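Undergrad: Reminder that position 55 of the sequence shown reads as 55 in the numbering used here, one-by-one numbering, no gaps.
To be clear, the hints were calculated from the coordinates, so they are not data collected in a lab. It is possible that some hints are incorrect.
[As the list claims (entries may be wrong)] In silico SDA-like links for lysine to any residue, alpha-carbon gap of 25 Å or less: (1) Lys401 with Pro344; (2) Lys384 with Gly589; (3) Lys219 with Leu261; (4) Lys234 with Ile285; (5) Lys384 with Gln319; (6) Lys278 with Ala304; (7) Lys347 with Lys401; (8) Lys428 with Lys347.
[Stated by the list, open to error] Taking CB as the label site, the calculated pair distances span: (9) Thr578 with Lys278: 42 to 50 Å; (10) Asn199 with Leu76: 51 to 59 Å; (11) Met560 with Lys268: 23 to 31 Å; (12) Lys355 with Met560: 23 to 31 Å; (13) His341 with Thr318: 20 to 28 Å.
Owing to the predicted nature of the structure, the values given are computational and were not obtained by experimental measurement. Backbone N, C-alpha and C define an ideal beta-carbon position, used for all residues, glycine too.
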Amino acid sequence: MACGPESALEIPLEPGIQLTTSATLHLSLPLRSHESNSDPNHRHLLPDKPYDPNVPPIKQNPAKPLANGSSPIQKLADELLRDILDLIEADPDKGVNVDRRAYLSQESFRPPPVPSSTRAQDLGSWRRTCKRFSQIGAIHQFGKVTTRFSTREFERLRWLAKQPHLTRHVKKFSYMVPYFYVEGRDGVAEALPPILPGNLDVQVFVGKVRDQKRIVSMKEDLVALKEGISAFTKLQHVQILPVQDMNDRTLISYIRQNNNLSDRIQLKWAPACFHSTKTVGEALIWSHSPCTRFSSPNVSPQSALNLAQPNSLANLATQLTCIELHFDDGFELELDPFMKHLSPLFKMVFEAAKKLEAVHVGFPAHRPLTLNLEDLFHNVKWDKLIAFGIQGWKLDADEIKSLAERHRYTLKGLRLRDVLLKDGSRWKDVLGFLRDNMTRLDWVSLRRIGYAVQFDEQWANTGAEIPDDPPGGYSSESEIEFDDEHDNYSDLDDHAGPSNESFGEDHRDSDMSSLHSHSTHAEEQSDDEDRVTGDQVELPQLSPDTPTSPWHGIPKSTVMDIETAEDLGDNGFFVPNTTRKLWERWVVGRCQRRR
Numbered sequence: 001m002a003c004g005p006e007s008a009l010e011i012p013l014e015p016g017i018q019l020t021t022s023a024t025l026h027l028s029l030p031l032r033s034h035e036s037n038s039d040p041n042h043r044h045l046l047p048d049k050p051y052d053p054n055v056p057p058i059k060q061n062p063a064k065p066l067a068n069g070s071s072p073i074q075k076l077a078d079e080l081l082r083d084i085l086d087l088i089e090a091d092p093d094k095g096v097n098v099d100r101r102a103y104l105s106q107e108s109f110r111p112p113p114v115p116s117s118t119r120a121q122d123l124g125s126w127r128r129t130c131k132r133f134s135q136i137g138a139i140h141q142f143g144k145v146t147t148r149f150s151t152r153e154f155e156r157l158r159w160l161a162k163q164p165h166l167t168r169h170v171k172k173f174s175y176m177v178p179y180f181y182v183e184g185r186d187g188v189a190e191a192l193p194p195i196l197p198g199n200l201d202v203q204v205f206v207g208k209v210r211d212q213k214r215i216v217s218m219k220e221d222l223v224a225l226k227e228g229i230s231a232f233t234k235l236q237h238v239q240i241l242p243v244q245d246m247n248d249r250t251l252i253s254y255i256r257q258n259n260n261l262s263d264r265i266q267l268k269w270a271p272a273c274f275h276s277t278k279t280v281g282e283a284l285i286w287s288h289s290p291c292t293r294f295s296s297p298n299v300s301p302q303s304a305l306n307l308a309q310p311n312s313l314a315n316l317a318t319q320l321t322c323i324e325l326h327f328d329d330g331f332e333l334e335l336d337p338f339m340k341h342l343s344p345l346f347k348m349v350f351e352a353a354k355k356l357e358a359v360h361v362g363f364p365a366h367r368p369l370t371l372n373l374e375d376l377f378h379n380v381k382w383d384k385l386i387a388f389g390i391q392g393w394k395l396d397a398d399e400i401k402s403l404a405e406r407h408r409y410t411l412k413g414l415r416l417r418d419v420l421l422k423d424g425s426r427w428k429d430v431l432g433f434l435r436d437n438m439t440r441l442d443w444v445s446l447r448r449i450g451y452a453v454q455f456d457e458q459w460a461n462t463g464a465e466i467p468d469d470p471p472g473g474y475s476s477e478s479e480i481e482f483d484d485e486h487d488n489y490s491d492l493d494d495h496a497g498p499s500n501e502s503f504g505e506d507h508r509d510s511d512m513s514s515l516h517s518h519s520t521h522a523e524e525q526s527d528d529e530d531r532v533t534g535d536q537v538e539l540p541q542l543s544p545d546t547p548t549s550p551w552h553g554i555p556k557s558t559v560m561d562i563e564t565a566e567d568l569g570d571n572g573f574f575v576p577n578t579t580r581k582l583w584e585r586w587v588v589g590r591c592q593r594r595r
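Whole structure, please, built from the sequences with the hints as guidance.
TA: See below:
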């Protein structure tokens, strides 16, 4: 379990105790003009005294006590100190709002980053300086908490639950769950060689199996989750993510290379997803948590079916303002009949969740759902809905128009990722309707939209076997691409700074990864022609209310030349990437000019 950079976690700070420590806090504060050591000819005059070249410049260490025992830096307001601390660790209160295009990628589906050791040490030094700095630093360090499914992490979570002066700052909880060992887990030592590739001892996996069985049977995870979540009195967002370490990935690779092992040893996400979702749900209900947002980029359809407990889910749904789910690609059966079976569950949840402001339901891009949209959404109308998204779906144009019509006065963002129109429908009709009828629409995401006919032809040409890399740019390697923040028609308004979530000490290894939840490097480089190069997530934090510029990346004259939907150049078969970008700008142009 980690709560921001972990260096300060090992030194609990009790309320009411003034700390004394030899730790030195180095702050790179700008010097005042009269403190500068530069050439006297370039000094600025103090406003209240004429410049005297015989008087040496005044030097003052901002942390050095004055004659009365106080430090100048202690006179700064808390807001200014938090601004300074924000340079070390991003302020958790400056996240992306749910109505912004980058919210799904930056706040909901992206796994917590590994913190740099320097930032962790700096934040730890800050918190050890004095009681006031400790309290301010706790807001940054404990605003977002990450716990992994392991005995050590659960012990740390239970320790944190007993620190009310820290838990009161927690607003987001990320739960990292590894794949569960299922078939053949009791025979791991017999099925595998003593030493695996990379000089990996088989006893590592024997220990993993033993720990997993003990945690589940003894309910160590449920006990810790209940204690932790009940202590997070200001919790807003819960996130469940799959994770694999280097050892698990080595084992999976070894099993794939030795087909005879596939029936004897298996690591599966479905049982892990079911168990983690069930225990987190129980903890939320038991603790009467104030949590209002739930997201998971790898929901197992089987686990959703097993969770069909109407009373508990309905009670939990009534307080939710944000639900974001993406169903994983590890399901071996056809999705359509299975999701049809889940239709009553969706109806119960969506009808109970009357406070929803943001909804996203996605499916694998190369296995798009063909059910009607209302088979899952059941004509529900949410009075406060401001952001709606779907992914991996074959639909008729009227289905999209009908849902948008129900929310025409509230919807600010619409995501139609990997949506394919069926025969007889045209995108020009959908986009024309959105442009003419949506009164508050700020952004539309049309990434990889197209037509079902062209999609089916491409897949048919690849043969019966599904390739690793689907044709035409469709990717099964990463169904959820965190590219909205790179592909916005605002200049930088959706580029949020780095998240201050972080792993604990045992998560620093670069071999940690959240599967199927972020795009590969190659995809990041090639997916967009005009993508800005470099590590975008290191851009400084900007206000989510920054005014948008709908013409960023495309000449304004090009969009203005399109008078009606008939001028969009929709051929009814294929939508190039540059074309859909133009369409995105055109759809929201009138709405933004109207406002």
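Undergrad: Give a verdict on every hint.
TA: Hint-by-hint comparison with the structure:
| no. | hint | verdict |
| --- | --- | --- |
| 1 | Lys401 with Pro344 | 23 Å, holds |
| 2 | Lys384 with Gly589 | 23 Å, holds |
| 3 | Lys219 with Leu261 | 30 Å, violated |
| 4 | Lys234 with Ile285 | 15 Å, holds |
| 5 | Lys384 with Gln319 | 13 Å, holds |
| 6 | Lys278 with Ala304 | 10 Å, holds |
| 7 | Lys347 with Lys401 | 20 Å, holds |
| 8 | Lys428 with Lys347 | 30 Å, violated |
| 9 | Thr578 with Lys278: 42 to 50 Å | 45 Å, holds |
| 10 | Asn199 with Leu76: 51 to 59 Å | 53 Å, holds |
| 11 | Met560 with Lys268: 23 to 31 Å | 53 Å, violated |
| 12 | Lys355 with Met560: 23 to 31 Å | 39 Å, violated |
| 13 | His341 with Thr318: 20 to 28 Å | 24 Å, holds |
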